[in-house]
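Enquirer: Each chain, written out:
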Amino acid sequence: GQQLNQSPQSMFIQEGEDVSMNCTSSSIFNTWLWYKQDPGEGPVLLIALYKAGELTSNGRLTAQFGITRKDSFLNISASIPSDVGIYFCAGFRPNAGGTSYGKLTFGQGTILTVHP
Amino acid sequence: DAGVIQSPRHEVTEMGQEVTLRCKPISGHNSLFWYRQTMMRGLELLIYFNNNVPIDDSGMPEDRFSAKMPNASFSTLKIQPSEPRDSAVYFCASSPFWGPSGANVLTFGAGSRLTVL
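First to last, the protein sequences are chains C and B.
Going by our numbering, the first sequence opens with residue 1, and the numbers climb by one from there.
Going by our numbering, the second sequence opens with residue 1, and the numbers climb by one from there.
Source of the hints: derived by calculation from the structure; they are not laboratory data.
Do not rely on the hints blindly, as some may be mistaken.
Said to hold, decoys possible - Label pairs and their calculated CB-CB ranges:
{"id": "1", "chain 1": "C", "residue 1": "Tyr50", "chain 2": "B", "residue 2": "Glu14", "range": "44 to 50 Å"}
{"id": "2", "chain 1": "B", "residue 1": "Glu44", "chain 2": "C", "residue 2": "Tyr50", "range": "21 to 27 Å"}
{"id": "3", "chain 1": "C", "residue 1": "Glu15", "chain 2": "B", "residue 2": "Asn71", "range": "32 to 38 Å"}
{"id": "4", "chain 1": "B", "residue 1": "Met40", "chain 2": "C", "residue 2": "Pro8", "range": "26 to 32 Å"}
{"id": "5", "chain 1": "B", "residue 1": "Thr20", "chain 2": "C", "residue 2": "Asp38", "range": "33 to 39 Å"}
Stated by the list, open to error - No farther apart than 20 Å at their CA atoms in a straight line, the calculated lysine to any residue pairs in the SDA-like style are these:
{"id": "6", "chain 1": "B", "residue 1": "Lys68", "chain 2": "B", "residue 2": "Leu117"}
{"id": "7", "chain 1": "C", "residue 1": "Lys103", "chain 2": "B", "residue 2": "Pro54"}
{"id": "8", "chain 1": "C", "residue 1": "Lys51", "chain 2": "B", "residue 2": "Gln37"}
{"id": "9", "chain 1": "C", "residue 1": "Lys103", "chain 2": "B", "residue 2": "Gln37"}
{"id": "10", "chain 1": "C", "residue 1": "Lys103", "chain 2": "B", "residue 2": "Phe65"}
{"id": "11", "chain 1": "C", "residue 1": "Lys70", "chain 2": "C", "residue 2": "Lys103"}
{"id": "12", "chain 1": "C", "residue 1": "Lys103", "chain 2": "B", "residue 2": "Asn50"}
{"id": "13", "chain 1": "C", "residue 1": "Lys103", "chain 2": "B", "residue 2": "Val19"}
{"id": "14", "chain 1": "C", "residue 1": "Lys103", "chain 2": "B", "residue 2": "Leu117"}
{"id": "15", "chain 1": "B", "residue 1": "Lys24", "chain 2": "C", "residue 2": "Thr113"}
{"id": "16", "chain 1": "C", "residue 1": "Lys103", "chain 2": "B", "residue 2": "Ile26"}
As the list claims (entries may be wrong) - From chain C, some residues computed to sit far from chain B (all C-beta separations above 10 Å):
{"id": "17", "residue": "Asp18"}
{"id": "18", "residue": "Ser27"}
{"id": "19", "residue": "Leu33"}
{"id": "20", "residue": "Glu41"}
{"id": "21", "residue": "Asn58"}
{"id": "22", "residue": "Arg60"}
{"id": "23", "residue": "Asn75"}
{"id": "24", "residue": "Lys103"}
{"id": "25", "residue": "Gly107"}
{"id": "26", "residue": "Leu112"}
{"id": "27", "residue": "His115"}
It should be emphasised that the depicted structure is a prediction, and the values quoted were computed from it without experimental measurement.
Yeah, the Cβ is synthetic: ideal placement off N, Cα and C, and Gly gets one too.
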């Protein structure tokens, strides 16, 4: 099946540092999404990317849709303690038969810890 | 907007018991998804519906799992009989879009944490 390889698996950083994580796949995706999950909650959408090469920002977060359509990265600048959580990439593409559009595949997640 | 509402938030049951998880999607969203999250396997798509119709249930682990969506505002995921390996957090998500031209951006509920003893 479609696999998304997300790295790193975990990060321990100091407050104020920048963070970078990425997601790669052997398959082409039409949409890339980045979600954040806080403990005891469901994933919350951070950024959505719809076109190859697209670079989108949301406050201190910046994400890019890779030119090859097989990768994406997320950067967090000047991290703060509330950035702690699990970050997931997710990719969306139709099935090969073109009849099913709903399958959103998730990466394994990056656990971010920010030390004050 | 109340978001996606799931119940119960926590459920502890004994092996062999029936478990029913409930979901109310965001009003106006026509796609609904059930995911399961575990440490070992991450987020797995179990089944999804479009306009109340199940589209793909290939992620449902086995016949003990079933899902229904009797109307646009309600869905259930049932496990009968439950087993300890079913212990996980089950998420429901909904989306307003469907089709190749739309981005299927999912909004998740807070999840139902199931523990089967």
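Enquirer: Please go over all the hints and tell whether each is borne out by the structure.
Expert: Going through the hints against the structure:
For Tyr50 (chain C) and Glu14 (chain B), the Cβ-Cβ distance of about 46 Å falls inside the hinted range of 44 to 50 Å, so the restraint holds. For the hinted restraint 21 to 27 Å between Glu44 (chain B) and Tyr50 (chain C), the CB-CB distance of approximately 25 Å keeps it satisfied. Remark: the range hint 32 to 38 Å for Glu15 (chain C) to Asn71 (chain B) is contradicted by a beta-carbon distance near 48 Å. At about 19 Å, the CB distance of Met40 (chain B) to Pro8 (chain C) disagrees with the hint of 26 to 32 Å.
Thr20 (chain B) and Asp38 (chain C) have their C-beta atoms about 26 Å apart, which leaves the hinted 33 to 39 Å range violated. For the proposed pair Lys68 (chain B) and Leu117 (chain B), the alpha carbon gap of about 25 Å is over 20 Å, so the pair is violated. Distance check on the hinted pair: Lys103 (chain C) and Pro54 (chain B) sit about 13 Å apart at the alpha-carbon level, within 20 Å; holds. Our distance criterion of 20 Å between C-alpha atoms is broken by Lys51 (chain C) and Gln37 (chain B), whose separation comes to about 29 Å.
Our distance criterion of 20 Å between C-alpha atoms is met by Lys103 (chain C) and Gln37 (chain B), whose separation comes to about 16 Å. Taken as a hint, the Lys103 (chain C) and Phe65 (chain B) pair is honoured in the structure, with Cα atoms around 19 Å apart against an allowance of 20 Å. A hinted pair counts as satisfied when its Cα atoms are at most 20 Å apart, and Lys70 (chain C) with Lys103 (chain C) qualifies at roughly 16 Å. Under the criterion of a C-alpha separation no larger than 20 Å, the hint pairing Lys103 (chain C) with Asn50 (chain B) is consistent with the structure, at around 12 Å.
A C-alpha spacing of about 25 Å is found between Lys103 (chain C) and Val19 (chain B), which places the hinted pair above 20 Å, so the restraint is violated. Restraint check for Lys103 (chain C) and Leu117 (chain B): the C-alpha separation of about 31 Å exceeds 20 Å, so the hint is violated. Simply put, Lys24 (chain B) and Thr113 (chain C) have alpha-carbon atoms about 33 Å apart, too far for the 20 Å limit, and the pair is violated. The suggested pairing of Lys103 (chain C) with Ile26 (chain B) holds, with an alpha-carbon distance near 19 Å, which does not exceed 20 Å.
Interface exclusion of Asp18 (chain C) from chain B stands, the closest Cβ pair being 26 Å apart, more than 10 Å. The Cβ of Ser27 (chain C) sits about 16 Å from the closest Cβ of chain B, beyond the 10 Å cut-off, so the non-interface label holds. Distance to chain B contradicts Leu33 (chain C) as a non-interface residue, since its nearest Cβ pair spans about 7 Å, not more than 10 Å. Its closest Cβ contact with chain B, about 5 Å, brings Glu41 (chain C) to no more than 10 Å, contrary to its assignment away from the interface.
Its beta-carbon lying about 13 Å from the closest one in chain B, Asn58 (chain C) satisfies the requirement of being farther than 10 Å from that chain. Annotated as non-interface, Arg60 (chain C) keeps its C-beta farther than 10 Å from every C-beta of chain B; the closest such distance is 21 Å. Once the 10 Å rule is applied to beta carbons, Asn75 (chain C) is consistent with being away from chain B; the minimum gap is 21 Å. Not every C-beta of chain B lies more than 10 Å from that of Lys103 (chain C), the closest at about 6 Å, which undercuts listing it as non-interface.
Distance to chain B contradicts Gly107 (chain C) as a non-interface residue, since its nearest Cβ pair spans about 8 Å, not more than 10 Å. The Cβ of Leu112 (chain C) lies farther than 10 Å from every Cβ of chain B, with a closest approach of about 16 Å, so its non-interface assignment holds. Non-interface status of His115 (chain C) relative to chain B is upheld: no Cβ of that chain comes within 10 Å, the nearest being about 23 Å off.
Hint check: violations occur at hints 3, 4, 5, 6, 8, 13, 14, 15, 19, 20, 24 and 25; the rest are consistent with the structure.
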